[in-house]
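Please arrange chain U on chain G, whose structure you already have, making use of the hints.
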Amino acid sequence: DAKTTQPPSMDCAEGRAANLPCNHSTISGNEYVYWYRQIHSQGPQYIIHGLKNNETNEMASLIITEDRKSSTLILPHATLRDTAVYYCIVTFNFGNEKLTFGTGTRLTIIP
Amino acid sequence: GEEVAQTPKHLVRGEGQKAKLYCAPIKGHSYVFWYQQVLKNEFKFLISFQNENVFDETGMPKERFSAKCLPNSPCSLEIQATKLEDSAVYFCASSPTSGTPSSYEQYFGPGTRLTVT
Chain G
-16 DAKTTQPPSM DCAEGRAANL PCNHSTISGN EYVYWYRQIH SQGPQYIIHG LKNNETNEMA
44 SLIITEDRKS STLILPHATL RDTAVYYCIV TFNFGNEKLT FGTGTRLTII P
Chain U
-17 GEEVAQTPKH LVRGEGQKAK LYCAPIKGHS YVFWYQQVLK NEFKFLISFQ NENVFDETGM
43 PKERFSAKCL PNSPCSLEIQ ATKLEDSAVY FCASSPTSGT PSSYEQYFGP GTRLTVT
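Just so you know, the protein sequences line up as chains G and U, in that order. When the letters of the first sequence are read in order and numbered with the numbering used here, they come out as residues -16 to 94. When the letters of the second sequence are read in order and numbered with the numbering used here, they come out as residues -17 to 99.
Please keep in mind that the hints were generated in silico from the structure rather than gathered at the bench. One thing to keep in mind: the hints can contain errors.
Claimed, not checked - Computed list of chain G residues with no C-beta within reach of chain U, every gap over 12 Å:
#  : residue
1  : CYS(-5)
2  : ASN2
3  : THR39
4  : GLU41
5  : SER44
6  : ILE46
7  : THR55
8  : ILE57
9  : THR62
10 : ARG64
11 : ASP65
12 : VAL68
To be verified - Below, simulated BS3-like cross-link-like pairs (lysine-lysine); rule was C-alpha separation at most 27 Å, straight line:
#  : chain 1 : residue 1 : chain 2 : residue 2
13 : U       : LYS65     : U       : LYS26
14 : U       : LYS50     : U       : LYS(-9)
15 : U       : LYS(-9)   : U       : LYS22
16 : U       : LYS26     : U       : LYS44
17 : U       : LYS(-9)   : G       : LYS(-14)
18 : G       : LYS(-14)  : U       : LYS22
19 : U       : LYS9      : U       : LYS50
20 : U       : LYS22     : U       : LYS0
21 : G       : LYS(-14)  : U       : LYS26
22 : U       : LYS65     : U       : LYS2
23 : U       : LYS26     : G       : LYS52
24 : U       : LYS50     : U       : LYS0
To be verified - Derived list of chain G stretches under chain U, where covered just means 3 residues or more per stretch with a C-beta under 8 Å from a C-beta of chain U:
#  : segment
25 : 20 to 31
26 : 78 to 88
All C-beta atoms, glycine included, are put in the ideal place defined by N, C-alpha and C.
Bound conformation, chain G alone:
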């Protein structure tokens, strides 16, 4: 699986958009970009995934660059409950592949 690089920490004001970057310059053509988050010490929670097109769901948007070497997770209106560690994971995903977590980005939402 391709390696990812994320900033160790970020702050965002409550109500503003949180933009979390991820570099994955060695991604291969059929690897997906997945985002998970871990709130406090709970189990990781799936957020969104994409292959090459931008994606949006009820939680977030995922913007993937045209060369697929980087992506940005956008939480459009961050709340205090979004404070968590966010993990960008690149994987050949058939649903049965193990997830390789990096160190993630600790996002703190400031009131």
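Then chain U, alone, in the frame of chain G:
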């Protein structure tokens, strides 16, 4: 059920004792995964199952760790003769997949915190 269940929530063992952790995957999910989180952010994959068969055990320590997923029973992860370094949170996840190229996320349980003293 619609959630991955893990028991117990907390487990304390003296060094050298056995520890056994349980995981009930979401009904209908074919794959079960075990991960170990030692430090706050660092996850390590241990083993995965496709139904009751071992699918990937590349992360499993060869000694002391074993795991099973038997029909009609929760999956289990057992550590024989625990060591201080086994102190961690152990997460189980399940995934609904038939193995075809698609995008299926893993659903994680709340974890079992193992403390070895």
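Inset, instruction - Would you check chain U against the segment 78 to 88 of chain G, counting CB to CB pairs closer than 8 Å, and say if three or more residues qualify? - result: n = 8 at 8 Å, threshold three: holds.
Inset, instruction - Hey, is GLU41/G genuinely clear of chain U, shortest beta carbon separation above 12 Å? - result: Check passes; 14 Å lies beyond 12 Å.
Legend entry - Verdict on ARG64/G as a residue remote from chain U, using beta-carbon distances over 12 Å: 17 Å, holds
Legend entry - Pairwise hint evaluation, LYS(-9)/U against LYS50/U, where the allowed Cα distance is 27 Å at most: 19 Å, holds
Inset, instruction - For the pair supplied as a hint, LYS65/U and LYS2/U, confirm whether the alpha-carbon distance does not exceed 27 Å. - result: 14 Å, holds
Legend entry - Given as non-interface: ILE46/G, which should sit over 12 Å from chain U by C-beta: Answer for ILE46/G: holds, closest chain U Cβ roughly 17 Å.
Inset, instruction - Take a quick look at whether LYS(-14)/G and LYS22/U sit within 27 Å of each other, Cα to Cα. - result: 20 Å, holds
Inset, instruction - Could you let me know if the closest chain U CB is still more than 12 Å away from the CB of THR39/G? - result: 15 Å, holds
Legend entry - Restraint check for LYS26/U with LYS52/G, where alpha carbons must lie at most 27 Å apart: Holds, at roughly 25 Å.
Legend entry - Per-stretch coverage check for the segment 20 to 31 of chain G, three Cβ contacts closer than 8 Å to chain U: holds (count 6)
Legend entry - Outside-interface status for SER44/G - nearest CB in chain U farther than 12 Å: 16 Å, holds
Inset, instruction - Starting from LYS26/U, check that the Cα of LYS44/U is at most 27 Å away, please. - result: 15 Å, holds
Checked against the numbered hints above, the structure breaks hints 12, 17 and satisfies the rest.
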